[in-house]
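Respectively, the protein sequence lines represent chains A and B. For the first sequence, this note's numbering begins at 1 and goes up steadily by one. For the second sequence, this note's numbering begins at 1001 and goes up steadily by one.
Treat the hints with care, as some may be off.
As the list claims (entries may be wrong) - Calculated cross-link-like contacts (lysine to any residue; reagent style SDA-like; alpha-carbon spacing at most 20 Å):
# : chain 1 : residue 1 : chain 2 : residue 2
1 : B       : LYS1049   : A       : SER82
2 : B       : LYS1049   : A       : GLY16
3 : B       : LYS1049   : B       : ASN1100
Unchecked claim - Here are some chain A residues the structure puts well away from chain B; computed CB gaps all over 10 Å:
#  : residue
4  : LEU43
5  : GLN45
6  : MET50
7  : ASP56
8  : GLY58
9  : PRO75
10 : THR112
These are calculated hints, taken from the structure and not from any lab test. No residue lacks a Cβ here, since even glycine has one placed at the ideal position from N, Cα and C.
The residues making up each chain are set out below.
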Amino acid sequence: EAQVTQNPRYLITVTGKKLTVTCSQNMNHEYMSWYRQDPGLGLRQIYYSMNVEVTDKGDVPEGYKVSRKEKRNFPLILESPSPNQTSLYFCASSLHGQGGYEQYFGPGTRLTVT
Amino acid sequence: AQSVAQPEDQVNVAEGNPLTVKCTYSVSGNPYLFWYVQYPNRGLQFLLKYITGDNLVKGSYGFEAEFNKSQTSFHLKKPSALVSDSALYFCAVRITGANNLFFGTGTRLTVIP
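Chain B on its own, in the form it takes in the complex:
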């Protein structure tokens, strides 16, 4: 069975500081991992994904994520947070050959000016 955990419902960070939004996964095969962002009253937008290869993945708006197979984690990071990064972030996983994409419960990021 596949599952995704986002252990923090809420993350607060000061503007200009680095941010991390955590994601761990549990799958029975090789995972494809995704991060999405949801701004108020909007649909989800794709940020970045890990398929294979380099464990450090770079995406939109200066975000990056590191795939760690031994810790089964895919944490989202950004070196310097902006107030406009405040949003709801979702991690998602799909295993090779599967049709479904499983989402975490989301982490609300608030960047404090």
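Isolated chain A, as found in the complex:
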């Protein structure tokens, strides 16, 4: 089944404790992206990757890191999480990053930082 998977689905952590949220897609998509969803703000893009070893900042990259060493994986790293990073995070992928290609979303990771 074609899908985007994220792990973990739920995570509660404390301020400053490094964490990684994994994302994997099995559709051989070139483009992958991370979003955060907050009430009243919709989805905001954190980072995206046009292809392996090519990443770029989205609208809200502060406090986050990403890497794209393999085509299928695009982990999101919070080196020192803070409470304002409490949010619902989505990974997405599409065949290409430009043009009219729709994105496929993972199920989401709900992160709480205390």
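With chain A held as given, fit chain B onto it using these hints.
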């Protein structure tokens, strides 16, 4: 700069009635427009998109949307609403040559039995 506006946070409609979820956009080039739906505790699912050609686009679950260039709108419509259509709907836009997809703030649709 690109932006998307969904002017209604909440739309309520009776089951069986037609529904409309509004979306307007502001871009500096030609837009690609998308609608996504989010059910509770789920990721976003693609509904339909406008790339070029016919202004009326048909998508999944009986939804359609009309691209109106003069009004810079891309409203989502369905002739007869179902209770199962209750969800959060997002409009999104990308311009030609751009890498980013910009989302609206979402509209919560509630279909009342």
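Outcome of the hint check:
1. For the hint pairing LYS1049/B with SER82/A, the CA-to-CA distance comes to about 36 Å; that exceeds 20 Å, so the pair is violated.
2. Among the hinted pairs, LYS1049/B with GLY16/A is inconsistent with the structure: their alpha-carbon atoms are about 41 Å apart, more than 20 Å.
3. The straight-line distance between the Cα atoms of LYS1049/B and ASN1100/B is roughly 16 Å, inside the 20 Å bound, and the hint therefore holds.
4. Some Cβ of chain B comes within 10 Å of the Cβ of LEU43/A; the nearest lies about 4 Å off, and the non-interface call is violated.
5. Interface exclusion of GLN45/A from chain B breaks down, the closest Cβ pair being 6 Å apart, not more than 10 Å.
6. With a least CB separation of 6 Å from chain B, MET50/A falls inside the 10 Å interface cut-off, contrary to its annotation.
7. At roughly 7 Å, the least C-beta separation between ASP56/A and chain B is not larger than 10 Å, which violates its mark as non-interface.
8. Not every CB of chain B lies more than 10 Å from the CB of GLY58/A, the least distance being 7 Å, so the non-interface label is violated.
9. Separation of PRO75/A from chain B is adequate, the least Cβ-Cβ distance of about 17 Å exceeding the 10 Å criterion.
10. Residue-level check passed: THR112/A sits 15 Å from the nearest beta carbon of chain B, beyond 10 Å.
In the structure shown, a violation is registered for the earlier hints numbered 1, 2, 4, 5, 6, 7 and 8, in ascending order.
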